[in-house]
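Trainee: Make a model of the complete structure from these sequences and hints.
According to UniProt numbering, the sequence shown holds residues 1 to 309 in order.
No wet-lab data here; the hints were simulated from the structure. C-beta atoms are modelled at their ideal positions from N, C-alpha and C, and glycine is treated no differently. Be a bit skeptical, because a hint or two may be false.
Taking lysine to aspartate or glutamate pairs in the DMTMM-like style, the calculated list, with each CA pair at most 20 Å apart, reads [to be verified]:
1. K5 / D27
2. K37 / E82
3. K5 / D51
4. K88 / E303
5. K88 / E180
6. K37 / D76
7. K88 / D121
8. K215 / D271
Cβ pair distances, simulated, as ranges [stated by the list, open to error]:
9. A47 / P158: 33 to 43 Å
10. G135 / V49: 25 to 35 Å
11. S136 / D78: 27 to 37 Å
12. Q40 / Q169: 46 to 56 Å
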Amino acid sequence: MESIKVFAPATVANVACGFDIFGFAVDSPGDEIIVRKSRQPGVRIKAIVGDEGRLPKQTERNTAGIAIQTYLQHIDSDQGLEVILHKKMPLGSGLGSSAASAVAGVFAINELMGRPLKQVDLLPFAMEGERLACGSAHADNVAPSLMGGFVVIRSYSPLDIITINTPAQLYATIVHPEIEVNTKDARHILKNEVSMKNTIIQMGNVAGLIAGLMKPDYDLIGRSMVDVIIEPIRAILIPEFSEVKQAALEAGALGCSISGSGPSMFALSRDYETAQRVGNSMQAAFHTVGIGSELYVSGINQEGPKVLG
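Mentor: As C-alpha cells, then:
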C-alpha cells in the first residue's frame with residue numbers, strides 16, 4: 001500500500017470509580033487519518049481538518065505525529081510520510097480526542113508498513129501522544145481506542161492491560177456540553193492524598209463494577225458507578241452537573257458520571273431506548289441554563305480502530 005485511511009473511536013475514561021484505570025470505546029464520535037508514503041524523508045502533517053486551526057502541525061508537537069514518529073524510530077525505519085488528520089470530535093471534550101488521533105496514526109502506519117507489530121504492542125507509541133497532550137502517558141483512553149471494548153489498566157510498570165467482557169445490551173449515553181475543560185487543569189485541581197475511608201469505598205465500587213459487567217448484573221453496575229474521590233472535585237468545572245446527573249438517573253440510567261476529565265458526561269443504560277431517553281433528559285437539563293450540547297448514543301465498541309480505505 002502507498003496510502004491508508006483509518007478511523008479510531010472516542011472513549012470514556014475513568015468510568016466513574018476507575019480513575020486512570022478504566023476506559024471503554026464507543027462507536028461515535030472519533031477521528032480519521034490519512035497516511036501516505038513519501039519519497040521525502042520525515043513525517044509531515046500536511047493538513048488538519050476540523051480543529052479550527054488550533055492544533056499544531058509540527059510533528060513533534062502533534063499527538064498523531066509523535067506517535068507515528070516514535071513508532072518509526074522503534075522499527076528503525078526512515079520511511080517518509082505525509083499525514084492528513086480529520087478531527088471529527090470536539091477538542092477538550094473528555095472523550096479522548098488526543099488519544100483517538102494518536103491511535104489512528106500509529107494503527108495506520110503499522111498497517112501501511114505491513115503489520116510488523118501486534119496491535120497491542122502499538123500501545124506505548126500511542127501513550128506518547130497522551131504524554132504530549134496532557135503531561136502524563138496514561139492509557140485509559142488510548143487502550144480502549146486501540147483495543148476496543150472495556151479495558152482495565154492493572155499496572156503501568158510493567159504495563160498490563162486487561163479486556164473485560166460487557167453485556168451486549170449495555171449502552172452508553174454521552175452528552176458534550178458546549179464548554180471546554182483543559183485536561184491539565186482538571187488534573188491539577190485533584191488532591192494528592194485520599195482518606196482511608198474514601199479509598200475503601202472506591203475500592204469496593206471498582207470491584208463491584210467489574211463484577212457487575214462480567215456477571216452481568218445491571219443493578220450491581222449501577223450501584224458501583226459511584227466516585228467519591230475524583231467526581232466531587234471535578235464536578236465544580238461543569239455547570240449544572242448535579243442537575244444533569246439527576247436527570248439521567250430519573251430517566252432510567254444505571255449510573256452517570258464525568259467522561260474523562262470532562263466536560264462531557266456519560267451514563268450507562270440497559271437498552272438503546274433508555275439510553276436515548278437519558279440523553280434527551282441530560283440535554284434538557286443543560287438547556288435550562290442556556291448550554292447547548294451534542295448527544296451520542298452507542299453500544300460498547302468492541303472493534304477499536306478500523307481501516308476505511
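Trainee: Does each hint hold? Answer for all of them.
Mentor: Each hint tested on the structure:
1. Proximity of K5 to D27 is assessed by CA-CA distance (about 17 Å); at most 20 Å being required, the pair is judged to hold.
2. For the proposed pair K37 and E82, the alpha carbon gap of about 6 Å is at most 20 Å, so the pair holds.
3. Of the pairs offered as hints, the one joining K5 and D51 holds, with about 18 Å between alpha carbons and a cut-off of 20 Å not exceeded.
4. Taken as a hint, the K88 and E303 pair is honoured in the structure, with Cα atoms around 18 Å apart against an allowance of 20 Å.
5. With a C-alpha separation of about 16 Å, the suggested pairing of K88 with E180 holds against the 20 Å cut-off.
6. With a C-alpha separation of about 16 Å, the suggested pairing of K37 with D76 holds against the 20 Å cut-off.
7. This hinted pair does not check out: K88 and D121 have alpha carbons roughly 26 Å apart, beyond 20 Å.
8. Straight-line distance between C-alpha atoms of K215 and D271 comes to about 17 Å, which keeps the hinted pair within the 20 Å bound.
9. Remark: the range hint 33 to 43 Å for A47 to P158 is upheld by a beta-carbon distance near 38 Å.
10. In this structure, G135 and V49 meet the distance hint of 25 to 35 Å, their C-beta atoms being roughly 26 Å apart.
11. The hinted window of 27 to 37 Å between S136 and D78 holds, with their beta carbons roughly 30 Å apart.
12. Against the hinted window of 46 to 56 Å, the Cβ-Cβ separation of Q40 and Q169 comes to about 50 Å, which satisfies the hint.
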